[in-house]
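**Student:** Each chain, letter by letter, is given below.
Number of protein chains: 2
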Amino acid sequence: MANLGPGRPRLEQRRRRGTTPRAEILDAAAELFTTKGYANTSTRAVADAVGIRQASLYHHFAAKDDILDALLAETVAGPVELAHKLHAEPEDATTKLYALALFDVRQLRGARWNLGALYLLPELRTERFVAFRRRRDELREHYERLAAESCTAAGQSDDARILPFRLVETVIAIRSDEGSAGEEAERVIPDAIVRIVGHHGAMDTVRAAADAVLDRLSD
Amino acid sequence: MANLGPGRPRLEQRRRRGTTPRAEILDAAAELFTTKGYANTSTRAVADAVGIRQASLYHHFAAKDDILDALLAETVAGPVELAHKLHAEPEDATTKLYALALFDVRQLRGARWNLGALYLLPELRTERFVAFRRRRDELREHYERLAAESCTAAGQSDDARILPFRLVETVIAIRSDEGSAGEEAERVIPDAIVRIVGHHGAMDTVRAAADAVLDRLSD
Chain A
42 MANLGPGRPR LEQRRRRGTT PRAEILDAAA ELFTTKGYAN TSTRAVADAV
92 GIRQASLYHH FAAKDDILDA LLAETVAGPV ELAHKLHAEP EDATTKLYAL
142 ALFDVRQLRG ARWNLGALYL LPELRTERFV AFRRRRDELR EHYERLAAES
192 CTAAGQSDDA RILPFRLVET VIAIRSDEGS AGEEAERVIP DAIVRIVGHH
242 GAMDTVRAAA DAVLDRLSD
Chain B
42 MANLGPGRPR LEQRRRRGTT PRAEILDAAA ELFTTKGYAN TSTRAVADAV
92 GIRQASLYHH FAAKDDILDA LLAETVAGPV ELAHKLHAEP EDATTKLYAL
142 ALFDVRQLRG ARWNLGALYL LPELRTERFV AFRRRRDELR EHYERLAAES
192 CTAAGQSDDA RILPFRLVET VIAIRSDEGS AGEEAERVIP DAIVRIVGHH
242 GAMDTVRAAA DAVLDRLSD
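Line by line, the protein sequences are chains A and B. Note that the first sequence covers residues 42 to 260 in our numbering. Note that the second sequence covers residues 42 to 260 in our numbering.
So here's chain A without its partners, still in its complex pose (with noise of 0.2 Å):
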């Protein structure tokens, strides 16, 4: 151990950034559980890795299951609220799925950890989230409406409403093969989604719509 001065020695010598304690769990347990696996992390691990003692994690998450729905609910909250303020605004529905798309890709991309790669462990099946699932359900139903208008509005079978939302998330696989995804995918993927719906005219036209809805709405 290293020669921590005089006076009482620090029991806890905390190894993360962050701007509380619960941040810093949040952030060591993303790293780990992204890049060790969720079963192959221990609470243990994530106090070691945070510099705190396993009995202090405890204070902020009572298991190792508390911590992984809090991240996961970390990874919809933003899409869905926006989802939320875009059902009172006046645009078309195929402009409010591209700025959902937009706005989704990037965070999904942005993110530090890449952490829907746990929604398909699993664990998630149980119980425990049915919740976190039921979030994210809405999440998907909100992208399927918008998807569905598009489509009656372009004229064409509503089919392919599934699709924008599964488009979106596999910003996650991107990442997890190449390490990152690029930034052609804020354009490419949210472009796809509104030709799939059916929409033939000026793409430009959508995205500067999009933008200029996402921009009003992040005042």
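None of these hints come from the bench; they were simulated from the model. Watch out, some of these pointers could steer you wrong.
Taking lysine to aspartate or glutamate pairs in the DMTMM-like style, the calculated list, with each CA pair at most 20 Å apart, reads [said to hold, decoys possible]:
hint	chain 1	residue 1	chain 2	residue 2
1	A	Lys105	A	Asp68
2	A	Lys77	B	Asp106
3	A	Lys77	A	Asp107
4	A	Lys77	A	Glu122
5	B	Lys77	B	Asp110
6	B	Lys77	A	Asp107
7	B	Lys77	B	Glu164
8	B	Lys105	B	Glu72
9	A	Lys77	B	Glu164
10	B	Lys77	A	Asp110
11	A	Lys126	A	Asp110
12	B	Lys126	B	Asp256
13	B	Lys77	A	Glu164
14	A	Lys105	A	Asp133
15	B	Lys126	B	Glu185
16	B	Lys77	A	Asp106
17	A	Lys126	A	Asp260
18	B	Lys126	B	Glu190
19	B	Lys126	B	Glu115
20	A	Lys77	B	Asp107
21	B	Lys77	A	Glu168
22	A	Lys77	B	Asp256
23	B	Lys126	B	Asp260
24	B	Lys77	B	Asp89
25	A	Lys77	B	Asp110
Everything numeric in this text was worked out from a predicted model, so none of it was measured.
For this one, chain A is given, so just place chain B on it according to the hints.
**Tutor:** Same frame as chain A, now just chain B:
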């Protein structure tokens, strides 16, 4: 233990149907890896699920990662083989892309276990799985080449060439979230892919041509 009747007791009471012990081990491991998790499954648990002794399992696979590697290899073998065969065929790139996507969606949705859910495991980024990653990259490159050729033929930028492979693999996320992927995925996903690469012609023509080449190659 059940009464095994007269004579020498059977030390191995097989519990799974399968044509060979190796196939039984792979099927049991696939179930456990996808329902309990890879890290949560021991080779002992796999042997128990098959109804053989651990020593018998080691006769076929030296370690747990060898079982995973064999299972993963199966998920890409079929589409890689098809992509090679398509390369020598006279059809245009869009028809070949449709055929490859249709074949791949079919096998991803029809496979007994949703093994693609294991693609996001951190364990797969290790040296042990470099051969599998290369094989999957090879499949991805076939998709990207066909997609780029289709974009060029349609007179548009080939930025979207990365998306068809990703869209096909969304079958994995759909199965994970919903338990299964509906049969409509076999039409909706390939249709969306050819729209993304800029095809504006009749979809029925592409579908019929893709079906014809798949029929011919499956003989």
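**Student:** Output the numbers, in ascending order, of every earlier hint that fails for this structure.
**Tutor:** Structure breaks hints 4, 11, 14 and 22.
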